[in-house]
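Given these sequences and hints, build the entire structure.
Chains A and V, in that order, give the protein sequences. Quick note: the first sequence, position 263, residue 262 per numbering that gives the first Met the number 0, numbers continuous. Quick note: the second sequence, position 106, residue 105 per numbering that gives the first Met the number 0, numbers continuous.
Think of the hints as simulated: they come from the structure by calculation, not from any bench. Remember, predicted model here, so these are calculated numbers, not experimental data. Note that CB positions come from ideal geometry on N, CA and C, so glycine has one too. There's no promise every hint is true.
[Stated by the list, open to error] One-sided and incomplete, this derived list gives chain A residues near chain V with beta-carbon spacing under 10 Å:
{"#": "1", "residue": "H32"}
{"#": "2", "residue": "Q80"}
{"#": "3", "residue": "V159"}
{"#": "4", "residue": "K164"}
{"#": "5", "residue": "I165"}
{"#": "6", "residue": "Q167"}
{"#": "7", "residue": "A168"}
{"#": "8", "residue": "A171"}
{"#": "9", "residue": "P175"}
[Stated by the list, open to error] Here's a subset of chain A near chain V, in silico, CB distances under 8 Å, partners left out:
{"#": "10", "residue": "A121"}
{"#": "11", "residue": "R169"}
{"#": "12", "residue": "I170"}
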Amino acid sequence: MQARTDEPAQRAVEAVARESYGRLVALLATRTHDVAGAEDALGDALVSALTTWPRDGIPKNPQGWLLTAARNRLMDHARHQQVHEHSTPTLKLMTREFDETADPDRWPDERLKLLFVCAHPAIDPNIHTPLMLQTVLGLDAVAIGRALLVAPKTIGQRLVRAKTKIRQARIAFEIPTADQIPARLEAVLKAIYAAYGNSWEDASGADQRIPELGQEAIWLARVLREQLPEDPEIRGLLALMLYCEARRPARRSAEGRFVPLSDQDPKDWSMPMIEEAERELTAAFQMRRPGRFQIEAAIQSVHAERAHTDRTDSAAIAAFYDQLVQLAPSIGGAVARAAAHAEVRGPEAGLTLLDQIDSHAVISYQPYWAVRAHLLRQLDRPQAAAEAYDRAIGLSEDPAVRTFLTERRNSLTLQ
Amino acid sequence: MLYALLIYEKPDDFARRVSSVESEAYTAAWRAYHRAMLDAGIFVGGRPLDTPETATTVRLREGKSEIQDGPYANTKEQLGGFTLLELPSLDAALEWAARCPAASYGTVEVRPIAVELEPRVTVAS
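Written as structure tokens, this is what we have:
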């Protein structure tokens with residue numbers, strides 16, 4: 000069968016696209032400033048790899064192959080247009096640079112520059128994060144919409160507008176100077192965390208690239224920490240992601256069933272990762288400049304304590320959530336805060352906090368309905384709990400979570 | 000890359016142009032800025048514009064020209080001048096915009112020259 004022989008080549012194309020998308024876009028766009036053009040050229044190169052590689056075999060240097068193919072596309076395009084007088088010599092220069100270093104490991108990594116371009120103050124702040132998710136991490140508009148709770152269509156149009164501005168106004172591809180970094184860093188960290196969150200929600204493994212997206216996010220945070228070791232929020236974010244990552248294997252039972260945090264066995268957590276997180280968070284706290292990510296990491300560190308103490312300090316968690324919603328209000332934070340207070344002061348208190356959240360903002364927010372169902376169940380209001388479970392089940396994307404919630408719902412005693 | 004800095008000023012700022020002791024600080028700041036741009040070798044062109052009261056707008060509608068007294072936009076801040084700079088990136092242009100005296104009392108808008116359009120709407124001189 001034709002399809003079977005194609006498979007290894009197809010997988011190779013997918014693998015290199017996953018690993019190298021952002022890196023190749025960054026390399027292609029650094030000189031031209033044309034992110035959309037780089038993405039199109041890379042897209043064309045991937046399509047042609049899908050036909051060429053099954054026929055001629057997988058090239059020894061797949062990244063190099065894609066880069067050459069994409070660059071040739073860009074050159075063709077520039078020749079056609081002719082209007083962009085500066086782009087042709089630029090591309091020639093680029094060709095020479097890469098011909099001299101065929102080894103992809105020796106190419107400059109331009110992803111951080113691309114991240115900072117995406118978080119540029121000349122770009123609409125609302126599009127900073129989506130732009131980074133798409134160009135640096137290769138997410139599509141649907142995944143971005145899911146990660147950021149925005150409609151994919153709106154995102155698509157705003158992305159196009161932002162890329163046009165990067166190219167036409169010629170925003171510089173450089174690591175910002177020290178005085179500009181604080182303003183730009185917040186957007187960069189937010190985007191990295193959104194990418195990580197995306198990998199987290201899709202623990203079903205339905206989308207193969209998703210766990211790697213989490214790795215990518217952690218990698219980006221590590222690179223940032225090396226560049227800016229004196230920033231506590233970078234370390235806070237890194238710690239936060241490491242705490243979560245340490246628990247990834249525990250989120251599923253051997254049979255693939257969803258295991259909520261409170262039921263997880265700490266023996267399934269990765270202690271080396273927790274220890275690394277601990278070190279990062281301690282270093283961050285010593286700088287005495289608290290921030291959103293440090294607080295979120297602190298919450299996870301309280302959960303991680305259970306590995307040593309066998310109990311969870313719910314009061315400490317609730318107090319950290321109070322701080323968090325003060326410092327960085329968000330729907331997710333408000334829902335988690337309600338759940339934390341329910342643990343300390345009982346389900347009624349949690350429900351009161353849930354009711355204070357803007358009802359319009361939570362219509363399609365799954366965690367809100369899951370927490371609500373959980374609390375109503377504890378309050379022995381099975382009818383209302385069942386309704387909330389239904390909402391949560393309908394909004395779940397992860398089949399294991401759906402099964403978990405359905406079982407909970409079915410165990411209610413309805414009149 | 001060519002960037003235009005469009006300088007917007009308020010009525011008070013335009014009033015400071017009238018020669019006086021107080022206006023010396025205003026004009027000195029602009030002279031220093033001009034000198035800095037010349038020294039950096041980035042200044043391509045630029046001129047101060049006369050006050051908005053001297054403006055006249057022209058429109059041709061259904062073959063009839065409509066001529067009106069006053070500037071195009073009826074806003075408090077008005078275009079007071081422009082500068083053309085040759086710079087490598089928007090970031091560099093934003094830096095020069097921040098140094099412009101008007102950035103502290105008015106508004107400086109930075110716009111790239113339309114490189115794709117220009118060759119289609121101009122002829123070689």
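A quick look at each hint next to the structure:
no., hint, result
1, H32, "holds, 8 Å"
2, Q80, "holds, 8 Å"
3, V159, "violated, 16 Å"
4, K164, "holds, 9 Å"
5, I165, "holds, 9 Å"
6, Q167, "holds, 6 Å"
7, A168, "holds, 4 Å"
8, A171, "holds, 4 Å"
9, P175, "holds, 8 Å"
10, A121, "holds, 6 Å"
11, R169, "holds, 5 Å"
12, I170, "holds, 5 Å"
Comparing the model with each earlier hint shows a violation of hint 3 alone; every other hint is respected.
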